[in-house]
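A.B. asks: Numbering (the working numbering), first residue to last: 4 to 250.
In case anyone wonders, no lab produced these hints; they're calculated from the structure. Some hints here could point you the wrong way.
[As the list claims (entries may be wrong)] Restraint-style ranges between C-beta atoms, simulated for each label pair:
1. Ala185 - Gly148: 22 to 32 Å
2. Ile59 - Arg93: 22 to 32 Å
3. His110 - Gly57: 40 to 50 Å
4. His110 - Glu46: 34 to 44 Å
Just so you know, these numbers come straight off a predicted model, no measurement behind them. We put the CB at the ideal spot given by N, CA and C, even for glycine.
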Amino acid sequence: MKKIIYSLIAIIASMGLANAQDVVIMNNGDEIRAKVLEITSDEVKYRLYEEPDGVIYSVWKSDILMIHYESGRSEVFTHKVMPRPYYSGREPLYDIRPGMKYRELKHLYNHKDYISVSGDLNPAWSGVASFFIPGLGECINEEWGRGLGKFFGSAALVSAAAVFTQVGFYGEEGGPLIIAAACYAGALGLNIWSIVDAIRIAKVKNMYEQDLRQVYSFNLDLYPSVNCIQMGNTMQPTVGFTLALQF
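Using the sequences and the accompanying hints, generate a full structural model.
C.D. replies: Here is the structure:
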């Protein structure tokens with residue numbers, strides 16, 4: 004904090020020397036004499052003052068301490084910019100709304116396009132949950148109908164297989180054992196389907212949540228600002244706070 008205060012004092016003292024151009028002061032103390040062209044939610048675009056028709060450069064706002072503009076106004080950047088969501092091989096969907104179910108989402112998203120980002124639920128854990136308890140992975144992803152259907156279906160098949168196995172051991176006909184084997188095979192197939200389904204649901208819902216964060220995100224920043232006002236023959240610094248809300 005002391006370093007920032009000392010930097011601001013030094014900057015204010017030297018403001019009178021930089022009235023002909025914008026000065027971008029980086030966090031490491033470097034100064035860029037430039038013409039600021041645009042300030043977006045996460046970066047600042049500028050041209051070098053010596054090259055007014057030259058290449059347009061950009062720098063992350065999180066790397067900037069302060070900008071002193073040609074007009075005499077100064078802006079301090081003390082907030083950190085969140086990284087943009089990362090998409091690979093697909094464009095985010097904007098015609099979505101909160102609260103959509105998997106039966107709608109599966110027609111909008113291809114689970115094969117999923118790329119993991121920070122904050123996502125690991126799809127592998129959904130598969131592990133369904134491996135031990137059929138349908139649990141779906142329930143974790145809030146698809147209770149699909150999850151409970153697989154759970155009770157698997158339980159019914161295993162129970163039926165146990166009954167027909169007992170009848171087959173004590174009976175003379177082999178029919179009950181064949182039915183029991185079919186029930187066990189059905190339960191195994193249902194369990195495998197539950198694992199695969201849970202992983203796909205998790206991937207699709209993760210992509211949906213990524214797009215929701217992109218569509219409905221906003222950035223609220225509160226940071227100090229320093230301005231210079233002409234008072235007679237001297238420049239008087241004024242200090243305040245700026246509240247910025249970006250959608």
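A.B. asks: Just pull the numbers of the violated hints for me, sorted ascending.
C.D. replies: none
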